[in-house]
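Asker: Using the hints, position chains L, S, W, Y and Z against chain R.
6 protein chains.
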Amino acid sequence: MSDIITFGEIMLRLSPPNYQRVIQASSFNATYGGAEANVATSLAQFGLETDYVTKLPKNFLGDAAFNELRRYGVGVSSIVRGGGRLGIYFAERGASQRGSTVLYDRYGSAFQQSAAETWNWEKIFAGARWFHFTGITPALGKNVAQACLDACTTARKMGLTVSCDLNFRSKLWSQEQARQTMTELCHYVDVCIANEEDAYSVFGIQTDQKALLSGKLDLDAYKQTAKKLHERFGFHKVAITLRRSFSASDNNWSALLLDEEGLYHSREYSIHIVDRIGGGDAFGAGLLYGLLKGMHGRDALEFGVAAGCLKQTIDGDFNLSTVAEIQKLAHGDASGRVQR
Amino acid sequence: MSDIITFGEIMLRLSPPNYQRVIQASSFNATYGGAEANVATSLAQFGLETDYVTKLPKNFLGDAAFNELRRYGVGVSSIVRGGGRLGIYFAERGASQRGSTVLYDRYGSAFQQSAAETWNWEKIFAGARWFHFTGITPALGKNVAQACLDACTTARKMGLTVSCDLNFRSKLWSQEQARQTMTELCHYVDVCIANEEDAYSVFGIQTDQKALLSGKLDLDAYKQTAKKLHERFGFHKVAITLRRSFSASDNNWSALLLDEEGLYHSREYSIHIVDRIGGGDAFGAGLLYGLLKGMHGRDALEFGVAAGCLKQTIDGDFNLSTVAEIQKLAHGDASGRVQR
Amino acid sequence: MSDIITFGEIMLRLSPPNYQRVIQASSFNATYGGAEANVATSLAQFGLETDYVTKLPKNFLGDAAFNELRRYGVGVSSIVRGGGRLGIYFAERGASQRGSTVLYDRYGSAFQQSAAETWNWEKIFAGARWFHFTGITPALGKNVAQACLDACTTARKMGLTVSCDLNFRSKLWSQEQARQTMTELCHYVDVCIANEEDAYSVFGIQTDQKALLSGKLDLDAYKQTAKKLHERFGFHKVAITLRRSFSASDNNWSALLLDEEGLYHSREYSIHIVDRIGGGDAFGAGLLYGLLKGMHGRDALEFGVAAGCLKQTIDGDFNLSTVAEIQKLAHGDASGRVQR
Amino acid sequence: MSDIITFGEIMLRLSPPNYQRVIQASSFNATYGGAEANVATSLAQFGLETDYVTKLPKNFLGDAAFNELRRYGVGVSSIVRGGGRLGIYFAERGASQRGSTVLYDRYGSAFQQSAAETWNWEKIFAGARWFHFTGITPALGKNVAQACLDACTTARKMGLTVSCDLNFRSKLWSQEQARQTMTELCHYVDVCIANEEDAYSVFGIQTDQKALLSGKLDLDAYKQTAKKLHERFGFHKVAITLRRSFSASDNNWSALLLDEEGLYHSREYSIHIVDRIGGGDAFGAGLLYGLLKGMHGRDALEFGVAAGCLKQTIDGDFNLSTVAEIQKLAHGDASGRVQR
Amino acid sequence: MSDIITFGEIMLRLSPPNYQRVIQASSFNATYGGAEANVATSLAQFGLETDYVTKLPKNFLGDAAFNELRRYGVGVSSIVRGGGRLGIYFAERGASQRGSTVLYDRYGSAFQQSAAETWNWEKIFAGARWFHFTGITPALGKNVAQACLDACTTARKMGLTVSCDLNFRSKLWSQEQARQTMTELCHYVDVCIANEEDAYSVFGIQTDQKALLSGKLDLDAYKQTAKKLHERFGFHKVAITLRRSFSASDNNWSALLLDEEGLYHSREYSIHIVDRIGGGDAFGAGLLYGLLKGMHGRDALEFGVAAGCLKQTIDGDFNLSTVAEIQKLAHGDASGRVQR
Amino acid sequence: MSDIITFGEIMLRLSPPNYQRVIQASSFNATYGGAEANVATSLAQFGLETDYVTKLPKNFLGDAAFNELRRYGVGVSSIVRGGGRLGIYFAERGASQRGSTVLYDRYGSAFQQSAAETWNWEKIFAGARWFHFTGITPALGKNVAQACLDACTTARKMGLTVSCDLNFRSKLWSQEQARQTMTELCHYVDVCIANEEDAYSVFGIQTDQKALLSGKLDLDAYKQTAKKLHERFGFHKVAITLRRSFSASDNNWSALLLDEEGLYHSREYSIHIVDRIGGGDAFGAGLLYGLLKGMHGRDALEFGVAAGCLKQTIDGDFNLSTVAEIQKLAHGDASGRVQR
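Chains as they are written, first to last, in the numbering used here: chain R, 8 to 347; chain L, 8 to 347; chain S, 8 to 347; chain W, 8 to 347; chain Y, 8 to 347; chain Z, 8 to 347.
Everything labelled a hint here was simulated from the structure, so no lab data went into it.
A hint or two may mislead.
Which copy? The list can't say, so a pair holds if one copy fits it or any two copies do.
[Unchecked claim] List of simulated lysine to aspartate or glutamate pairs, EDC-like, C-alpha gap at most 20 Å:
#, residue 1, residue 2
1, 65, 332
2, 178, 332
3, 234, 268
4, 130, 10
5, 65, 124
Just chain R, same shape as in the assembly:
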């Protein structure tokens, strides 16, 4: 019986060491991750009871992914084992002007091939307070989208709060497909997380382009995007992540939150990046943690942004930071001094 249920795929991630490209690599570092699994792991690291719902193949790769979730404290009792592959993704770390590249190799994965009725949501949600998914899950196929919809309706029925990170992936579906499916799902969503590209690609909500091109953030434009999302779907809370990518090595990172009480913009961090994959997921988890713990929106936002910042200084998809470390950063110590 967990507080939070997360639903999605988890993949083997293969990355060449250091800054090598795949065509020069003679080995890969192996970790595990995926947008929703990253959120679940963060929440478990933070000490919340969280269950991950997915399907994994019955082979040693499925075992390894299963164990990795368990290792970091994620509940695995709702994971179904069965046919299909373990999805894989290859990630080349970029540097400076060379962007990171990601190659998804998830065709035919056990999760992608899972039937809509694989999971018993009423049983899974018993005793839980929150359900989280991202736009990647329904993008994987009609079966999975249906399972997602079943989860949403059951969650609503059972009184769970539902959160969704739009996470549009153009390689998985078209904007039209996304809009249709996500529009339906978003009727059940209480807390929506997005960036300006998601807002545009999924819902056609355009953030004023001047904001993107100018050197500094045009916060008003982003606030408009948040408000439009709120108005369109009645989300209780809308969070927008703001990444300014100067290069693959240096990004600025902040977020804003529109909630029932107001609209806040967090501190902005200048990050010298170790691994930016999972930064948005760490933000989402941090925000959810704050909200679940009853923090004020402003504080939950700062906690989320600090969590997302720290993630990007850590190798792998998972944010292996502690609540104390995140709080310390959120409260202002970004000096990176040695802790001894």
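Answerer: Chains L, S, W, Y and Z in isolation, oriented as in the chain R frame:
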């Protein structure tokens, strides 16, 4: 324009370092291989002009596999690039009583999805003397089996010698499917390579079980198997590899050859194994090299067995031995002294 | 609520890569282990509900050890966190005539410093069927020995079966200390595991030395040792592991079991060793698994010996073999053939 | 039959991992490279037919260098094998205020010892359009300088365009030796690549020192240098690379080109450096690619500079970037966003 | 017979590779270090005769630490071998907003347990000119503090110059304990090195807080701190290191020196950090080198700061830079150009 | 002032990891070694005062080799630094039927180019008891051979015992050259170490070939060889190492010694080899240690053979075993049990 054309898949091979199991691995060594690609690479290493015919995806994994063939001198001008994944296989190295385990992850590969008419065999075979494939290629699907048959009929028409290693894989097709397809293909085959399990699984030719259970080889039983294969299909030459597996670390290894002139059994090597995958392919390549170079059958057999032996002392699928090293072993120096 | 409760320390294990000695090493492979933790991990791998009882420091090393148990499915809800270090041990892998060397660096560990009353055994044992510890635990100090005795008396009171692996370590205590403490504890033990050195060092029960010096096993001598142990303490079952060490690379390995019905000697395996540490623990876990699953003593013994054999082909303390793999070996397939 | 012929040495490059210094290293990463080989590899990566002309020893190091060229698609049919060593260079990666250091260990290399008449230039140039070399090649000895001169005269005679990167190396020859030899060779050169140090060291053409000391580029001074080079030798095109080195970690990077139509200065990139070795070679290859593909000088320059920039974000001597990646950067997207 | 004697602990340092956190690490890089050992190693690298005084256990870890000192030229003839552990410390490298973290695991080390009378200072100091220690040594226990005091009084008596780096570590002792012990020791100290935190924590000398918070250095405040230290204890020279930590990746670094002739502030370096541990020790060693070589205070200061800067671009505790490299940087070339 | 002086080259040794071949390697493990340096290091490990005499280049490779000697306690005060390269050798580890291969790359090394008068032998030998060299040193050139002869005559004059390991290397000189030079040098040699190939190649002393081909050792033949060596040159002691190479993985290893009192054959060890390079050097060092410590010839021989055996279980050229470990093996415990 190459002497020898080989047709099959090439996969990314991922192996945990040392003797780690996949569930404890935090990295994988990355090499490339596949039964037919292993043969092609050996032949190129031996200095023969050889072309590999396959289909690879248009992404950095496809590039990496392409480059690896090129690196070792295999001709790549007949490789088609296009949709689908790069097949992957995971190989855990065993030791002592723990056998090596292999997990194929080739579902939806570009090669597996390739249309039968992908290749223009007349053009590919122009000027060539020999065509080689293995039973894995037709097992990948009807489309590929058809391409294989087209290759065989064209090869026959154009006067190429055709060789085939039966290589039965129960995870790819049933014995019935194998029998039907391989029976048709074998009508075009001049040189057949097999072990006793292949002979039984594909053609129902049983090697006297006493031979398998007794401590020493019952050569007569294997000779019968070779003769039956010869009689059934009219193969000009039949080679049978004989592996006695005492443990994952220690195997005995020899082979016999039935040709137009007689039936020979090679020396038997006691191998302390580094990596046994590709041993049979290295044997096949060695035998073909000997035959193409006009060696007497007895010598070609010894060259093949020594090649297969050395491969098993080398990491990865490919036999990165030189002709000189193999000749030295085939002529009797197995002392493993330092070369300085 | 678990079936089996295990009690002991878990340490960080640092091993130079490959066959390096510590004085030439520039890195260490980091795993986690300890006699009782190894048993717990095996049992969890086999699918049993098992809880590990220990104390770990509140720092990232304690977290890492905690996570490693969780990763392999061991229950961690009875682990107490608090002051002291994480115990460490350094293990140099030997080869041929050079034996492996182990340097314990557990002085001042959180577990060693834990007060006897740290754990509430009644609560921990609620619903459990079995309690397991080894002679290392009481050797760590009077406080820990007292906790062990409390656990034993509580287990007896609550009807749990108690098993103990004598595991004498001369660096931790003297033979006299061991005899006094273990004599008291053994009154609560139902299943005793030992080798002939333990029997002698702890209880002065000498196995006829001719057996040790002769090339082959003098089983009768070992049987006498088992019987004497049985008679002295009334153990229901006594298991004796028999290792014949030809070199650091090659050992023979078997065991015998005396139970209510008879006395059996298992198959003997000739092992080409990858990592022998934890072999005895894997045997213990395998035996316990068999007994808990209601196997006949003879079968439980064979399962345990096969488990111990496979462990020694795997890097690290833990036996990451599956029940199916062990059963396959126990039923006779030691050929180490590739599984594909 | 290749479009472009490049002539020079290729060495084994040994670099300690990460930021280690050689005196603390217990391993070296092994790659292969050299100024001209780096150009050839880039051109092959871009899809041009290119042949590398060199001499390599007949041992496994020579084989490895040969294979590495082949791996990345460089033509190897004009490589001669024979006596001497494989040249080696050791490269310590610098960081911040600690510059990278390079130790050449090429004494007695097969290439350095090769006789002037080793290659048949008429045969090598048959069908080719372009010949490229750098100032390192003639600096290796009179024999090699003579071969280079033979190549130049033959190229001129056969109508090939000739390009040269001055690449002055003070450890290989004196300024006087360089001036004498390069003056003779440059009479055959159509496209000259240099930086301001080369211009001064080889030809005594001084770039106004104010430009070097001031915080910003004094482009006029560099333009004068380009014009003087053009006037002195009648080069059709002169390219000057402009590196502003703030530290070993951060450089600014641009170039200017003087051609028949005008004088252009490229965009300037602020690079957070992964490995700066080979940046100039990647620029040269990019420029040549642009010119061979018939781009306008301005575009060829931008392509070259972007290529040089991306190289410096990649480990090893070779620029393993694709034409598409370089074009994307040259056309303005330097944000380093994740490609997914 | 050495010029300089240094006294303190040396520990095994274990760091996860790259930017991994300990809880995700499967290996550790192993080096050796400690504040005083780092100074000794630098001095030996600079060519001075230096002896390290410590106690190491009689096991392979003690051997390894002993060898590492010897490797870099430190005299080891005054090292005593005996009981206790080798101290260990775990260091996680931080990045950007995530600070590095250090976990000391030195409880029960041989050095910490050494009796005050372990060393014969008269014999050790025979012929020496200088004695150096840091505030960490007396913090390890009363026995060690007593040994330190004995060393100081003997050094004074024998005419050695004594230097001390305050190096306050709050995990080792309280401010009160430090003040009492260091006040006594500092009466024997000629050259004092500190940063503003040490000055405050040990002696309650507060540096004006505006200086710390403002973007730029308030040098006057630091100068006051130096003067107060000088006045309180009569130090002949006081050096204050000034680190401005923008993030774990980027620091500014300078120092000031108050000596008999005046008060100087060095150049300030903007460092992109590879490994900041040992930067202060490298500064101390550089300063001592300058003073021992008779440099003017201003030059000794610049040498020390440049040494400290270069250290932070090198992995591990030790500053493996040469005098020539440091001089080059101190004299102004911070461009990080390739040395070839 | 050392007891033993050793004279020879020390090289950087580069080995691909595990069982990789050089043509597949993307990294090399870096160690340092050479026949005479290996002896010196062993002797220093055993606690003897030993100085190594060689010449090393003034660059970071020379520094690294210098430091490595110092690390293991070898005296370095007689090492001259100057022009030329550091010699390198590449070593591929073999396995089973694939022998290890060694590629020497020592052309133009500082040692090889050193003038005969580089060293002042009278000064070097002052206070020493023993001088050791091997046949590799004079094989490097006339200059080095002359230095060796100077050393021998000075040693004789100053009363040092002289030992020599014949160590014939056919890649360095012809049998004729070796015979001429070694005949002259051996007049000064008291203790000669050889194997049967050295005896034949250098001095034409043939060991009865039946001995080599038969399965078991024909000791009498080897004894004849020892006696002939003794008679020809008047060596006080002659040691012959006997290696029976079944494969690259498995060798038998023993030695015999002819001294003033008799002729002894040691125990024979069956070694499962980790790294056989340096086995003979470790034997020589063990024998010398025994003789220097005044052991009986029989015991010195057993110590040497056990030392050589243990070396072959350790990675790298150096025998990092302790006297205690060697004594334990020499006295009969070859079981390879875990030391804990």
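Asker: All hints are to be evaluated individually against the structure, with a verdict given for each.
Answerer: Verification of the hints:
no.: 1; hint: 65 - 332; verdict: between (37 Å within a copy, 15 Å between copies)
no.: 2; hint: 178 - 332; verdict: between (35 Å within a copy, 19 Å between copies)
no.: 3; hint: 234 - 268; verdict: within (13 Å within a copy, 54 Å between copies)
no.: 4; hint: 130 - 10; verdict: within (13 Å within a copy, 25 Å between copies)
no.: 5; hint: 65 - 124; verdict: within (19 Å within a copy, 36 Å between copies)
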